[in-house]
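**Student:** As a plain string of letters, each chain reads:
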Amino acid sequence: MFLARVVGSVWSTVKWPEIGGLKLLLVRPYSLEDLAKERAPEKDLVVCADVLDAGVGDDVVIAYGHAARVAVSQVLGESERPNVPIDAAIVAVVDRVQVTLPEKPPERG
Amino acid sequence: MIRGPVIGEVWTTRKAPGLSGRKLVLVAVRADSQLTGRVVVAIDTLDARTGEEVTVSFGSGARNVIAPGPDNREVLADAAVSVLVDGEE
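The listed protein sequences derive, respectively, from chains S and Y.
The first sequence begins at 47 in my numbering and counts up by one.
The second sequence begins at 3 in my numbering and counts up by one.
It is worth saying that the hints were derived from the structure and are not from the lab.
Ideal placement from N, C-alpha and C gives every residue a C-beta, glycine not left out.
A few of these clues could be false.
[As the list claims (entries may be wrong)] Computed beta-carbon distance windows for the label pairs:
#: 1; chain 1: Y; residue 1: R51; chain 2: S; residue 2: V56; range: 35 to 41 Å
#: 2; chain 1: S; residue 1: K61; chain 2: Y; residue 2: D34; range: 41 to 47 Å
#: 3; chain 1: Y; residue 1: T47; chain 2: S; residue 2: G103; range: 29 to 35 Å
#: 4; chain 1: Y; residue 1: E90; chain 2: S; residue 2: P131; range: 36 to 42 Å
#: 5; chain 1: S; residue 1: L91; chain 2: Y; residue 2: Q36; range: 22 to 28 Å
#: 6; chain 1: S; residue 1: D133; chain 2: Y; residue 2: I68; range: 17 to 23 Å
#: 7; chain 1: S; residue 1: K69; chain 2: Y; residue 2: G71; range: 30 to 36 Å
#: 8; chain 1: S; residue 1: P63; chain 2: Y; residue 2: T15; range: 31 to 37 Å
#: 9; chain 1: S; residue 1: T59; chain 2: Y; residue 2: D34; range: 23 to 29 Å
#: 10; chain 1: Y; residue 1: M3; chain 2: S; residue 2: D90; range: 36 to 42 Å
Start from the sequences, fold in the hints, and give me the full structure.
**Tutor:** Laid out in structure tokens, this is it:
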């Protein structure tokens, strides 16, 4: 899993039927540097399914692979959903993050 | 698996039911002696402390940390702290 900031969404009309009705969001994963500088992530972009009604600006936890399909299934309560062709999903919306850097940067001046 | 230091914790309220009650920690990925800059979120059942060096298992390996056995396909886990590292040589 990884920590990410929601930055947008994608929509489509032509899609695999099993994916119909799923909201797809664009998220940027946090790097160590982003957390250290307490800034929003600016690199990389991942598309993930959202069943928790997250919005732009929310921090979220993303799961990959089978866990992503399990999460979608748990929230929607549909046993067929594990066959949905996704491999990334929001599994939690973040309230708070506490970070303690492992190696403090050298003090300046 | 990856290894690295625990650098923090994540608190959530709105989440998939399978994550309820799970402690989530942030782990900075280490390669050789350097941190790569990547950070992962892992379920922690070993009570890892901030600053402690751990390994994180992914995929079905993570499910086997949470619920060992063949019938754990419905367990929601794709990353879990699997080892608290004491040392290496």
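**Student:** Looking back at the hints listed earlier, which ones does the structure fail to meet?
**Tutor:** 9, 10
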